[in-house]
Amino acid sequence: MVDVSQHELVPEHILLDDDSEVEEVLEEYNIKKTDLPKIKRTDPALPDEAAPGDVIKIIRDSRTTDKAIVYRLVIQ
Amino acid sequence: MSIQSPKEIGGISFGLMDPETYRDMSATKVITADTYDDDGYPIDMGLMDPRLGVIDPGLECRTCGRHSGSCNGHFGHIELAAPVIHVGFTKLIRRLLRSTCRQCGRLALNDEQKEEFRDRLVRAKELNEDPNDVLKAAVRQARKSSTCPHCGEPQADIKHEKPTTYYEVQNVLSGDYSERIAEAMQPDPDDEDDVGLSPQDLADKAEISLERVNQMLAGEFRPRKDDRRSLEKALGIDLTEEDMNKLMPSDIRDWFEDIPDEDIEVLGINSEKSRPEWIILTVLPVPPVTARPSITLDNGQRSEDDLTHKLVDIIRINQRFMENREAGAPQLIIEDLWELLQYHVTTFIDNEISGTPPARHRSGRPLKTLSQRLKGKEGRFRGSLSGKRVNFSARTVISPDPTLSLNEVGVPDRVATEMTITINVTERNIEEAQQYVSNGPENHPGSNYVKRPDGRRLKVTEKNCEELATKVEAGWEVNRHLVDGDIVIFNRQPSLHRMSIMAHEVVVMPYKTFRLNTVVCPPYNADFDGDEMNLHALQTEEARAEARVLMRVQEQILSPRFGENIIGAIQDHISGTYLLTHENPQFSETQALDLLRATRVDALPDPDGEDEMGSPYWTGQTIFSLLLPGDLNLEFTSSTGDTVIVENGQLLEGTIDEDAVGAFGGEIVDTLVKQYSERRARIFVNEIASLAMRAIMHFGFSIGIDDESIPPEADEQVDEAIRNAYERIGGLIQTYENGELESLPGRTVDETLEMKIMQTLGKARDSAGEIAEDHFTEDNPAVVMARSGARGSMLNLTQMAGCVGQQAVRGERINRGYEDRTLAHYKPHDLSAEAHGFVENSYRGGLTPREFFFHAMGGREGLVDTAVRTSKSGYLQRRLINALSELEAQYDGTVRDTSDTIVQFEYGEDGTSPVRVSSSEDFDIDVDSIVDRVVEAEFESAAEKSAFLDRQEPPTNLSEYGEPRGYEEVESDD
Chain A
1 MVDVSQHELV PEHILLDDDS EVEEVLEEYN IKKTDLPKIK RTDPALPDEA
51 APGDVIKIIR DSRTTDKAIV YRLVIQ
Chain B
1 MSIQSPKEIG GISFGLMDPE TYRDMSATKV ITADTYDDDG YPIDMGLMDP
51 RLGVIDPGLE CRTCGRHSGS CNGHFGHIEL AAPVIHVGFT KLIRRLLRST
101 CRQCGRLALN DEQKEEFRDR LVRAKELNED PNDVLKAAVR QARKSSTCPH
151 CGEPQADIKH EKPTTYYEVQ NVLSGDYSER IAEAMQPDPD DEDDVGLSPQ
201 DLADKAEISL ERVNQMLAGE FRPRKDDRRS LEKALGIDLT EEDMNKLMPS
251 DIRDWFEDIP DEDIEVLGIN SEKSRPEWII LTVLPVPPVT ARPSITLDNG
301 QRSEDDLTHK LVDIIRINQR FMENREAGAP QLIIEDLWEL LQYHVTTFID
351 NEISGTPPAR HRSGRPLKTL SQRLKGKEGR FRGSLSGKRV NFSARTVISP
401 DPTLSLNEVG VPDRVATEMT ITINVTERNI EEAQQYVSNG PENHPGSNYV
451 KRPDGRRLKV TEKNCEELAT KVEAGWEVNR HLVDGDIVIF NRQPSLHRMS
501 IMAHEVVVMP YKTFRLNTVV CPPYNADFDG DEMNLHALQT EEARAEARVL
551 MRVQEQILSP RFGENIIGAI QDHISGTYLL THENPQFSET QALDLLRATR
601 VDALPDPDGE DEMGSPYWTG QTIFSLLLPG DLNLEFTSST GDTVIVENGQ
651 LLEGTIDEDA VGAFGGEIVD TLVKQYSERR ARIFVNEIAS LAMRAIMHFG
701 FSIGIDDESI PPEADEQVDE AIRNAYERIG GLIQTYENGE LESLPGRTVD
751 ETLEMKIMQT LGKARDSAGE IAEDHFTEDN PAVVMARSGA RGSMLNLTQM
801 AGCVGQQAVR GERINRGYED RTLAHYKPHD LSAEAHGFVE NSYRGGLTPR
851 EFFFHAMGGR EGLVDTAVRT SKSGYLQRRL INALSELEAQ YDGTVRDTSD
901 TIVQFEYGED GTSPVRVSSS EDFDIDVDSI VDRVVEAEFE SAAEKSAFLD
951 RQEPPTNLSE YGEPRGYEEV ESDD
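Heads up: the protein sequence lines correspond to chains A and B, in order. Residue 48 in full-length UniProt numbering is what sits at position 48 of the first sequence, and the numbering runs on without skipping anything. Residue 774 in full-length UniProt numbering is what sits at position 774 of the second sequence, and the numbering runs on without skipping anything.
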């Protein structure tokens, strides 16, 4: 099986396993967890230990800002 | 009293309405299926009962006492003789019937399952998912149990026959059970060992007494369910048949009444607001007459609204139903009438149900009932609420006017006297306002209406204008004509991007068309072959200010689509600047001043030299440089191919063409907007257009058929090149027919041949083009246009002079037509170039009839493609806009939808606007030039520094009329 998470086009997906980190993100944007963009648990780019309800931090390469950071909520 | 203060809507909730509420809010019960009596008065308790509201002016509403216009109308009601199904809820009815118990009405799920689905529903709502998926899953789960988990009643399957009939399907004992049993007891004729079953054997096997078995075989005793099961098991047969039991609406209503509140919550129904039995109509609301006004025709006859016609039908059938039932008519007739009533109520609500013939008008036109009023492009939502016709708008043909600024629009005087702008009279503008009023409605800067503080509107006429002008005071409103300098919104459809709607300043002009500067054609995608455009006069001060700051043409020079300018020189402007700067021609003083007469430049710099006669001359590049800011530095490659160098506002070398000043990314225009201001760029574009027009008129520019002709020896060379290609193709075909052609990787031999032929012919056309190109001079107008990027390409030119080349349909040579050949002029399986649409002639030389036919085939494909593309992309655009319309960039930089769900954490990942980013490819953001400029400012003297720090924002959004004459400040920059 190919592990897509190692592919150069797949950005880094980091599980925020510390609740305070998640809290910080929600605080920063003044949102509820469910207002985050979603990602399916079955998504092959996710780390194996991600479970529904977790928040994932994705670091993308950006042409204009070098790094673009986004967060997603794991569902199902 | 009649004017209510506006209120803010806190929220809207949707639900079902209790029939009792209908009756309570009803102004009257409607029992007569008629509208007006013979004297023309509305019939009491008829469909036009005056209690339902008034439409005729002068009459008083019997419910609220108000007159037509202020009375919104009131609902009435019809008591239905029997309950009927509401077509809008057929799916929900089916879902409820399938998931609840036919006996006790409870949801066929146990408490844990209910809890699970309730939780999933809450979660789906939180995650913005479709709750329907959860509800469907719940129904599917409930349907699985064959008996009710609460009362144990076996459940029947529900069959839904569209649109409004429901059946319970049960398995019951078949009518021919005895025959089936007897047949199963017979020995199998194919199996010799099988001796069959005696009644005694059967009785033993099924554990039924022999006496009963015999009775059953004789058809005298119908086996009960237990007996039937054991018989079926013993014989291995099915003794049942399906029995369909029709559920009447009254049955369904009784069923739904038993469903407990807590169970419907699991099915997604809010029990506080709705009860499922309310889906079944027992009383029908009658819309107020204001919703279905009747029209009086010229001959005095009344023509009723479609809804009224439908209501007449409903009341008639309702009446007949009741009469028949009271008379004790047979069940069959009652059922027929019931079905008819159902049909009429169904079509009253929706007349486009599949499987139901639409109710028709006497003329055969299908009636437009409730659903049809709301649905579709012309429906209430898309046609009347999202988009509607507006006041203060004008539409006419457009034509060009190069003397206007690109910010301006020429408005015909007859439009200007009809369209008005509302001004609030204060003590400061009272004299101005009085002047407008006293000019009357027909003299141009006049006014059409005034509004007194008490809200009364008075029409200004030729007769009363003088008198009215004296009465105008502070607090009045005056609707005055459009005058020069007013800001208006100008639009050309299709409005595909934001530059399709821009704000312009009015210039009132004679004649009938809107006039616009040709440099704004690209953003509107406008030309003057009959295009029409719309103009909207803004009515509030806020709107005018906003339009001036955000929407004025000069603020839209940069397109967010590609971050470069979309407004700039086009067509003849580009030819003009090319002629002016290419090979740097010389001009005498009169010529130079004539070129610059439409610009703000009124003094020439020192001459560039003296000609042999001793009179001074100025070069084209010097004249062009006069329009540039004094400190502009730029270096780029022009589309002509030379390097353009601008130093300290002087064009040192290079040709000014499309890449310098053109729309769609002209370097100089782009730089001016980004490094100087929108205002400076606007001045530059205006002046470049005027200068270019003067320049092209100075040189003279025309094109004729002789400009595309080449000498006979060149024609000979072209023919030679084509002959060579034909020979090579002949060779290819020969090798192919000998079976010696080697196929390219991944292609068949046939495909390889096609590709090679196409390649050879492409080369032939190119070499013909090169030959033709060699014989054109540099000053050939077509070459000038192609080189400078003004219009046309070298390919167009070679097609005109050399050879038109291969015609293609779907990217291949032409292969269609007759069997194995394209035209009857060729032999079957002819693979040659001319048999498959190669046009060896030039447009100028003329095509042969066969070539012409192939050329038309290729041309047709182009036309079809554009037609298909526009309709497809229009629909895609609509869907995209609908999907994205609620997204908004927030103050914290995130992009969110209306429910605050985050779509992007930073707008476009970098939080920058495409029009604020440098378009230079070497640097993503042009840091160097910014640092240069900042440092340079830093190194100046202290006085310069304070001037820098105290610098005021350039007045970008002042009207051109408000600017100081002569553009002194722009000069002071230089």
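Simulated from the structure, these hints should not be mistaken for laboratory data. Since we're looking at a predicted model, the values are computed, not measured. We put the CB at the ideal spot given by N, CA and C, even for glycine. One thing to keep in mind: the hints can contain errors.
As the list claims (entries may be wrong) - Which chain A residues face chain B? A few, computed with CB under 8 Å, are given here:
id	residue
1	PRO37
2	THR64
3	ALA68
What the hints assert, rightly or not - List time: in silico DMTMM-like cross-link candidates among lysine to aspartate or glutamate, alpha-carbon distance up to 20 Å:
id	chain 1	residue 1	chain 2	residue 2
4	B	LYS233	B	GLU183
5	B	LYS246	B	GLU232
6	A	LYS38	B	ASP119
7	A	LYS67	A	ASP48
8	A	LYS32	B	GLU532
9	A	LYS57	B	GLU909
10	A	LYS32	B	ASP897
11	A	LYS32	B	ASP892
12	A	LYS38	B	ASP779
13	A	LYS38	B	GLU179
14	B	LYS763	B	ASP897
15	B	LYS29	B	ASP313
Unchecked claim - If you want the ones that stay clear, here's a sample from chain B, every Cβ over 12 Å from chain A, calculated:
id	residue
16	GLY40
17	ARG118
18	LYS125
19	ASN128
20	GLU129
21	PRO849
22	THR894
Inset, instruction - Please work out if LYS38 of chain A and ASP119 of chain B have their alpha carbons no farther apart than 20 Å. - result: Answer holds: LYS38 of chain A to ASP119 of chain B is near 19 Å, not above 20 Å.
Inset, instruction - Take a quick look at GLU129 of chain B and tell me if its Cβ sits farther than 12 Å from every Cβ on chain A, holds or violated. - result: The assertion about GLU129 of chain B is violated, with a minimum of 8 Å to chain A.
Inset, instruction - Over 12 Å to the closest beta carbon of chain A is the bar; see if ARG118 of chain B clears it. - result: holds (17 Å)
Inset, instruction - Say whether it holds or is violated: PRO849 of chain B keeps its Cβ farther than 12 Å from all Cβ of chain A. - result: holds (55 Å)
Inset, instruction - Would you check the hint for LYS38 of chain A and ASP779 of chain B, treating anything up to 20 Å between C-alpha atoms as holding? - result: violated (63 Å)
Inset, instruction - Could you grab the alpha-carbon distance between LYS29 of chain B and ASP313 of chain B and see if it respects the 20 Å cut-off? - result: Holds, at about 16 Å.
Legend entry - 20 Å limit on alpha-carbon distance, applied to hinted pair LYS233 of chain B and GLU183 of chain B: Since the Cα atoms of LYS233 of chain B and GLU183 of chain B sit roughly 15 Å apart, the hinted pair holds (cutoff 20 Å).
Inset, instruction - Evaluate the condition: distance from the CB of ASN128 of chain B to the nearest CB of chain A exceeds 12 Å. - result: violated (8 Å)
Legend entry - Pair hint LYS38 of chain A and GLU179 of chain B, alpha-carbon separation not exceeding 20 Å: violated (63 Å)
Inset, instruction - Verify the interface restraint on PRO37 of chain A: the C-beta must sit less than 8 Å from at least one C-beta of chain B. - result: This interface hint holds because 6 Å falls under the 8 Å limit.
Inset, instruction - Take a quick look at whether LYS57 of chain A and GLU909 of chain B sit within 20 Å of each other, Cα to Cα. - result: Holds, at about 14 Å.
Inset, instruction - Assess, step by step, whether the Cα of LYS763 of chain B is no farther than 20 Å from the Cα of ASP897 of chain B, and give holds or violated. - result: Between LYS763 of chain B and ASP897 of chain B the Cα gap is close to 54 Å, so the pair fails against 20 Å, i.e. violated.
Hint check: violations occur at hints 5, 7, 8, 12, 13, 14, 18, 19, 20, 22; the rest are consistent with the structure.
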